[in-house]
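K.L.:
Listed below, chain by chain, are the residues.
2 protein chains.
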Amino acid sequence: MGVGGPGGLYGKVYILRLGHRPQRDKRITSHVALVARAFGANGFILEGVCDEAVERTIDRISRCWGGKLYYRCGVDGVRFIEEWRRGGGQVIHLTMYGVPLREVLGEVKSSPSPKLVVVGAEKVDPIYYRVSDYNVSIGTQPHSEVAALAILLDRLLDGAWERMEFPDARLRIIPSPRGKHVIGDC
Amino acid sequence: MGVGGPGGLYGKVYILRLGHRPQRDKRITSHVALVARAFGANGFILEGVCDEAVERTIDRISRCWGGKLYYRCGVDGVRFIEEWRRGGGQVIHLTMYGVPLREVLGEVKSSPSPKLVVVGAEKVDPIYYRVSDYNVSIGTQPHSEVAALAILLDRLLDGAWERMEFPDARLRIIPSPRGKHVIGDC
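So the sequence lines, in the order shown, correspond to chains A and B.
According to the working numbering, the stretch in the first sequence is residues -3 to 182, in order.
According to the working numbering, the stretch in the second sequence is residues -3 to 182, in order.
Hints were generated in silico from the structure; no laboratory data involved.
Since no wrong hints were added, every one of them can be taken at face value.
Just so you know, same-sequence chains aren't split out, so a pair can sit in one copy or run between any two.
Calculated pairs, DSS-like style, for lysine-lysine (alpha carbon to alpha carbon, straight line, at most 30 Å):
id, residue 1, residue 2
1, K22, K8
2, K8, K176
3, K22, K119
4, K176, K22
5, K105, K176
6, K176, K119
7, K64, K8
8, K8, K119
In isolation and in its complexed conformation, chain A is listed as follows (with noise of 0.2 Å):
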C-alpha cells in the first residue's frame, strides 16, 4: 500500500509556495520545502524567483536522506496553476481566511486528482483567491505557513510522516528514549 493509503494520494501532491523574498524568507521557505519532503508531496515549486540558498538545502537532505523531491523555480504561479487545473489536477489555496479544512478535506481525498498546494508568504494577490479550487484554512488565527502545510498533509496523506521512509537514504535514524542513533553516514 503506497503512503497516503487506499486513497492513493501518494505520488500526486505538489507544493507551490509564492511570494518568497530570497533573503528574508530562505528559512521559512526551506523549512516549507523539508515538510513537504518529510510529510509526503512528492515536488516543491518556487513561484517568481528561484534562490540557491533553498536548493541547496533541498539537496543537501535529499543526498544525505535519501527520496527525490521534484523541484522547479521561477514560475509564473498564476499560469502554473491554470495549466494544473487545465492538466486535471486540483488546486488547495492555504489561507486563515479560507474555509475549515473539515468542510471540504472528505470532497479533497476522493478525488483522484493530482493536488496542487499553493502556500502563500505574507501578501498574497488576491487573484489566488480566484484561480484555486479551494481556500482552506488550519485555523483561522495567524500563525505559520510551515504549520498549515503540515497539519494539510498530515489530514490529506493519512498522517503519512508517521511511516515515511526513502529507500535511498545514506543516514537513518533509530528512535531513542535518550541521545541520538544514527546509522549510516553522509
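Following the hints, put chain B in place on chain A, whose structure we already have.
P.N.:
Chain B only, in chain A's frame:
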C-alpha cells in the same frame, strides 16, 4: 468544556524555545510562538536570550487577535526544566531522534501534569536529552520545529486549533470560500 476536552490540558501547556539566535532565527522563532498561541498553548519562553523582534510579533498578534500568551525570555533552559519538573510538571523535548509520538502520547495525555514542550534550534546541547521526561519525534526525517510543534499540539490538545477563539479579539475572520472577510479593526 475547555479546549483540550475532557483531558483538561487547557491552561497547562507551555513552550520552551532553545538556542535562538536573534538575527538568524527571528522569523522561525516567531512562527514557533504564533503556533504556540494558535494551537492552544498558554505560554512561550525563550531560552538564553531576549529578542525584541519576537516579542513585538507576539504583542502585535495578541493585541489584534486576542489572547494573552505568557512570555518570558533569557531563562537558563536547564534550570527552568528542572524547576518545572520539581513543581510536578512534565517535559517533552521534540527531537527527530526521539521515540515516535504515538508511543508516548497516551501516557503523556493521561497525566494531569502541566506540560513543557521543549523546541530546539539546529544544535541542541545533549543535556536536554537527559533532563527531559520524554524525547519525542514527529517522524524520523529532518523537517521543521514549527511543523513538529504544530503536530504535537494538534495531537496533545485534540485539534484545539480548529476551535481557538479569543474573547478579547479585535479582529475575527469569517471563513470564506473566496477572498477575505475580516470583521473588526486593529
